[in-house]
Structures are given as C-alpha cells and as structure tokens.
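Protein chains: 2
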Amino acid sequence: MHSGNPADGPLTPGLVFEMMQAHQRTAALKAAIDLDIFSALGDGPGDVASIARHSKASERGIRILCDFLAIYGVIVKENGRYRHTPASVMYLDPRSPACMATVAQFLSTPEIRAPYDHLAEIVRTGRTILEGAGTVEPENPVWVLFAEKMAPMMAPLTGPLGTVVLDGQTGPIRVLDIAAGHGLFGIEIAKQNPQAKVTGLDWAPVLRVALENARKAGVEDRYDMLPGSAFEVDFGDPYDAVLLTNFLHHFDKPTCVGLLKKVRAALKPGGRAATLEFVPNEDRISPPMSAAFSMTMLTTTTGGDAYTLSELTAMYKEAGFGGITAHPIPMSPHTVVMGRA
Amino acid sequence: MHSGNPADGPLTPGLVFEMMQAHQRTAALKAAIDLDIFSALGDGPGDVASIARHSKASERGIRILCDFLAIYGVIVKENGRYRHTPASVMYLDPRSPACMATVAQFLSTPEIRAPYDHLAEIVRTGRTILEGAGTVEPENPVWVLFAEKMAPMMAPLTGPLGTVVLDGQTGPIRVLDIAAGHGLFGIEIAKQNPQAKVTGLDWAPVLRVALENARKAGVEDRYDMLPGSAFEVDFGDPYDAVLLTNFLHHFDKPTCVGLLKKVRAALKPGGRAATLEFVPNEDRISPPMSAAFSMTMLTTTTGGDAYTLSELTAMYKEAGFGGITAHPIPMSPHTVVMGRA
Numbered sequence: 002m003h004s005g006n007p008a009d010g011p012l013t014p015g016l017v018f019e020m021m022q023a024h025q026r027t028a029a030l031k032a033a034i035d036l037d038i039f040s041a042l043g044d045g046p047g048d049v050a051s052i053a054r055h056s057k058a059s060e061r062g063i064r065i066l067c068d069f070l071a072i073y074g075v076i077v078k079e080n081g082r083y084r085h086t087p088a089s090v091m092y093l094d095p096r097s098p099a100c101m102a103t104v105a106q107f108l109s110t111p112e113i114r115a116p117y118d119h120l121a122e123i124v125r126t127g128r129t130i131l132e133g134a135g136t137v138e139p140e141n142p143v144w145v146l147f148a149e150k151m152a153p154m155m156a157p158l159t160g161p162l163g164t165v166v167l168d169g170q171t172g173p174i175r176v177l178d179i180a181a182g183h184g185l186f187g188i189e190i191a192k193q194n195p196q197a198k199v200t201g202l203d204w205a206p207v208l209r210v211a212l213e214n215a216r217k218a219g220v221e222d223r224y225d226m227l228p229g230s231a232f233e234v235d236f237g238d239p240y241d242a243v244l245l246t247n248f249l250h251h252f253d254k255p256t257c258v259g260l261l262k263k264v265r266a267a268l269k270p271g272g273r274a275a276t277l278e279f280v281p282n283e284d285r286i287s288p289p290m291s292a293a294f295s296m297t298m299l300t301t302t303t304g305g306d307a308y309t310l311s312e313l314t315a316m317y318k319e320a321g322f323g324g325i326t327a328h329p330i331p332m333s334p335h336t337v338v339m340g341r342a
Numbered sequence: 002m003h004s005g006n007p008a009d010g011p012l013t014p015g016l017v018f019e020m021m022q023a024h025q026r027t028a029a030l031k032a033a034i035d036l037d038i039f040s041a042l043g044d045g046p047g048d049v050a051s052i053a054r055h056s057k058a059s060e061r062g063i064r065i066l067c068d069f070l071a072i073y074g075v076i077v078k079e080n081g082r083y084r085h086t087p088a089s090v091m092y093l094d095p096r097s098p099a100c101m102a103t104v105a106q107f108l109s110t111p112e113i114r115a116p117y118d119h120l121a122e123i124v125r126t127g128r129t130i131l132e133g134a135g136t137v138e139p140e141n142p143v144w145v146l147f148a149e150k151m152a153p154m155m156a157p158l159t160g161p162l163g164t165v166v167l168d169g170q171t172g173p174i175r176v177l178d179i180a181a182g183h184g185l186f187g188i189e190i191a192k193q194n195p196q197a198k199v200t201g202l203d204w205a206p207v208l209r210v211a212l213e214n215a216r217k218a219g220v221e222d223r224y225d226m227l228p229g230s231a232f233e234v235d236f237g238d239p240y241d242a243v244l245l246t247n248f249l250h251h252f253d254k255p256t257c258v259g260l261l262k263k264v265r266a267a268l269k270p271g272g273r274a275a276t277l278e279f280v281p282n283e284d285r286i287s288p289p290m291s292a293a294f295s296m297t298m299l300t301t302t303t304g305g306d307a308y309t310l311s312e313l314t315a316m317y318k319e320a321g322f323g324g325i326t327a328h329p330i331p332m333s334p335h336t337v338v339m340g341r342a
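The listed protein sequences correspond, in order, to chains V and P.
In this text, residue positions in the first sequence follow my numbering: the first is 2, and each later residue adds one.
In this text, residue positions in the second sequence follow my numbering: the first is 2, and each later residue adds one.
It cannot be assumed that every hint is accurate.
A pair holds if it fits inside one copy or across any two, identical chains being indistinguishable in the list.
Stated by the list, open to error - Computed list of lysine to aspartate or glutamate pairs in EDC-like fashion (alpha-carbon distance at most 20 Å, straight line):
#1 Lys254 to Glu60
#2 Lys150 to Glu19
#3 Lys57 to Glu122
#4 Lys150 to Glu112
#5 Lys263 to Asp253
#6 Lys150 to Asp35
#7 Lys262 to Glu312
#8 Lys263 to Asp238
#9 Lys57 to Asp35
#10 Lys198 to Asp235
Everything labelled a hint here was simulated from the structure, so no lab data went into it.
Please construct the entire structure, taking both the sequences and the accompanying hints into account.
As structure tokens, then:
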C-alpha cells in the first residue's frame, strides 16, 4: 500500500496481475482462521503433516495455504516448517486476547461483502445496492454482528478515547454512548471514572451485547440502556459527554449536522461530544487505511463517507459547537474529534 | 508482498485488517476497467466531474473509486485531479496494445473466482470444488475464454520463448504447440522461423481463437490444427520441438511424467520439449508471484501445482529427457524449462 501520492513507480504487469488477484489474500486469511491454523502454530513451529493433522485437512491444501500465508508475511516458513510471527501470535492466535479472528467473520458477512460483486453499478448510482438505507436501515441485524465480532478492533482504542473525553474530569458525570454497539467505549468511561453513569443507545438487540460486556467489566450497575434510533429517541436529561463512535461516517453531511445539533441540545453547557472516526488527510488518499474506508461507506450506505478534519470541524461548527480538537489515536487509523457545547 | 521469508516485521492490526479487506482491490480495479476510467484518463488528467461524465457515473462513486485507486498507486491524484501513471497508460488504458483489461475479465469468471468462497473446504479436501477434473475437465469452455482474454499476459513472453526453443535453428522444422490456447507461442515460432510449420493442439473451440490469431499474424498457411486432448490424440509424425505452455501445472506429477513420455516419443532425436511455467524457488515461497500461483492450482484443479525446477527436472528425467535447461524470462514470473529427447 502506498502512503499518499506514490511516485510514478514501476506498475509492472505483475503488479496489475497482483491487484487483480488480491481477493485471494482475503480468502486465504479467512480459510486459515476457519481451519484453526493459527492455533496449530501456537504450540510451536509445525510442518505440513502436523498442521494438516491439527486442522483435519489435506496436506496438499495445507502446504499451499501455509506457503501463501508465508509469501504475504502473515507467518514465517523456515526449513520447511511454519511458525508464528510475533504479530500473528498477537492478532491471529485465538489464545491471544487481541485476536482479530472474529473481525474476519464480520467482514465476510454477505451484507458487507456482496456489494463488491456489483461495484461498477454502485459507482454509477453513487449508493449501496443494499436496500433502503443500507447497513443503517433500522434494526439491521448486521449491528448485532458488529457488536459481537468487532470488539477486538475497538478494544485498543477505548483507553485513549476515554482519556480524551474525560480530560481529567472526576466526580459524578453522565455519558451518552450513541451507537454503543459492543458498548466498550462507554464502559471504558465507567471504568476510568467510578462515578460516571453511562447510557448506551442502540437497537435493542445490539444493547444486549453491550450490557453483557458491561457485566463482564463489572460496571452494569452504572450502565443504562436507551434502545432505538439516535435520530428518533429522546436523549433525556443533559449529559456531560456524548460519544459518537464509528457513526457519523454512515450519513451525509446534512444528516450529521442534524444529529450533532440534537447532541448539542442534550449536553450540559461546556459538555463534550466526541466522535471516533477514520479521518483521512485533506488529500483524501492518506493515510491509506483511513482514506480507503470511504470505499466501505460507498458500498454499504447511501451517502456516508470518511470525513476529513475540515469537514468534521465544519459540521461541528454548523451544529453550534466550539473548542473543536482532534486527537489521533497512536498505532491506529482512528482519530477522536471533540467539540464543546 | 514480501519476497521470500519476511523478517518478523510489524504485522500491526492494521495490516491484518488490510489483508482481510484485500478483496476490495480486486473489485475496485475491475470496476474501474468496467467504467472505462482508464480511457477517461488517457486524454489527460481529469477531475471527479469530468471522469464521472465520461463514465456516466455518480460523482460520489467516481471520487471514492479514484481515490481508492490512488491510495494503491494505480493512478496518481494531484491537486484534486487524477492522472495516469506510465504503467497505467501501458497496462490499463484500452488504447495500449499491452492493456490487460481482458485479463481481469478472465480472472473474474465464476469458474475461477467462485472456489475462493469455499477455500477452507478446498484445503480440507485438497482439491477444487469444481466438478470432475476442475478447469481441465474435457472441453471446458473456460479455455476459450482463456485463449481470448489472457493473450495480453502472454504476448510479452512469446519472443523470449521462441528464441529459447529455436536456439538459432533455421530451415524447415515441425513444431507441436500443446494446449495452444490463443496460439501465440506457436505463432511466434512461425514468425521467427519462416520455414517452421506449427501444429496447434487444443479443444476445437479453442483452436478457432488460435487460428484467428495465426491469420492476423499472416502465418495461417503454416498453421495446422490438431483438436482434442493432449492425453488422447495421436501427435502424428515426429517434431523438432514441442511446446507445453501453461499446461503441466494443472496436473499431478505422474500425469505430467506420462505426458512428457508421450511428448518424447513424438520428438525427433535431439528434439526439444519446452515448458513455460511459474517456477518457484525450492522454498516454494519465492519469488512471490510464481510461488503464489500454487493457490490458483489448488482452487481449480485436483492435483496441479506450481512446480519447482528440481521437480520439473525430475519429471523430464523420468520421461527420458536429457540436457535440461532453465531460462527465466526477464521482467516476468515465468521460466522456460527445456529438455532434449
């Protein structure tokens, strides 16, 4: 992947061919996860025969799959044996708490994957081929899956986000977590501030996942649930902070501004609204992972986007916020953008 | 892509996420080809509005798609305008004779793509989920498509292969082109040696493509057709050279040896058999493109592989060949391996 504008480098026929075949990598990683190969390597380096036994798979298949993973640097092959990299131990071995295997499950659900089979049509019309509002259609079950499966991607972000949002504030506060999903962001606030009360807002089936996570974190007595649509439910008494994580990118700018106005009206004076987003630079092609997220919004929504900082700032301002600050989260493609009511 | 064994580098969660999303690149390149974006850029740099007009597509879609292509270095974005790279002019602009757009069409046919939706099952069983012998099932129409669409990948290889096979030999010679496909390899021999007579062997519907290419090259009066299976038809009078391009990789070793014996029996003493193959190093994970080709053989055949030079040499020897030499083709992942009867 190039960072920003690449030099006019050698795009050989090989590289074009490689891009045409890139889908193989997605399939190979998913198959390796499904066949439990990253567990097999957790006990130490293995050869084709031992991994095939562990995975109850053919030696031909395992050899070709493991070689493919080694070609792409996911694992290492040495002297005919395959072994973990430090990174595959951490992010792909099921015994690791940071294991991202479930993320692959979410990303391979038909609702997320199928639009790519119709990408030219989506580009023509400028919107998802999914029905209605796409993934943000009311009560879309894909968000239960998101809440269940995407937590490993989000867990490393919760601490930094909590610190930014609390900004040292102690004592009793009320926090609204819009589109709570897995609930991890609001739960983190409750963990960092033992007097914080958190209200999770999401579709009811999604909130069951959040509540379960609140239980596991031991903060369920300070965790309330507000089921429904962020655009429709009454937010209730004013809050010290409102979280909007991974949410604005699903909507067009006027919709975002409308929601931010509603958020601002639900904040105490000086209260904070904090968005967690992929925020590309103004060139919209860097950093690569943040910028590429626009593609996911093109394929699954009618008007969403990965908004730049100037766009998010403009939305906040139009909604009446001041003191807008951006806080990139280290080692991640995410940025917290915060405004004050 | 890593070359050979990568160092234990930083496989951040971002890189795992990127691999899970790699399929987006295949879809984006295909959509850009289908929407004629590389023609649009052929007239000079364009902005979102001008490209959208050319492609009869939405500005939202074009902006996100072109940004995505720029992120991955396929095109360049500067000051809000998109332009060709020298490489995209050559390999993706339809006005270029080296344009590979049709290759994307071949690679996205259901027979080639669909197995990846079942890769874990394929690894378990060790063979394609396609029926029978997979893509090498008799009369499989996929080879007509291959002959029609894959010529741009093969055209740059024909000259070097012809030079290796002819090895300076002039005067009347007879050449058999097994699995002729588009016919370009045999046709090149006929072009390099004006007294060469070439016999193309392939399924009859495929040979129609080869014959049309022979006509275009002006060598059809020295181009004969032998329709049928290489394993079943009588090769006829002895040849000076037999070409086996992109063919052995579809079969297991005993099948390859059996065919090579039949080839040797059809050669004059001292005659050459020449295979064109992706030949990985003995570690089977480098060079990346040659090594990764095993994955395509896993998904589409029952026992094929990207064979190493030691494996190909052993097959040639077992079939009775001597003087075995390897000739990597510069700037390509392919190698010609030649044996003498």
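Here's how the hints hold up against the structure:
{"no.": "1", "hint": "Lys254 to Glu60", "verdict": "between (53 Å within a copy, 16 Å between copies)"}
{"no.": "2", "hint": "Lys150 to Glu19", "verdict": "between (29 Å within a copy, 17 Å between copies)"}
{"no.": "3", "hint": "Lys57 to Glu122", "verdict": "between (41 Å within a copy, 11 Å between copies)"}
{"no.": "4", "hint": "Lys150 to Glu112", "verdict": "within (14 Å within a copy, 31 Å between copies)"}
{"no.": "5", "hint": "Lys263 to Asp253", "verdict": "within (16 Å within a copy, 66 Å between copies)"}
{"no.": "6", "hint": "Lys150 to Asp35", "verdict": "within (15 Å within a copy, 34 Å between copies)"}
{"no.": "7", "hint": "Lys262 to Glu312", "verdict": "within (16 Å within a copy, 69 Å between copies)"}
{"no.": "8", "hint": "Lys263 to Asp238", "verdict": "within (13 Å within a copy, 86 Å between copies)"}
{"no.": "9", "hint": "Lys57 to Asp35", "verdict": "within (11 Å within a copy, 41 Å between copies)"}
{"no.": "10", "hint": "Lys198 to Asp235", "verdict": "within (17 Å within a copy, 84 Å between copies)"}
The earlier numbered hints are all upheld by this structure, with none contradicted.
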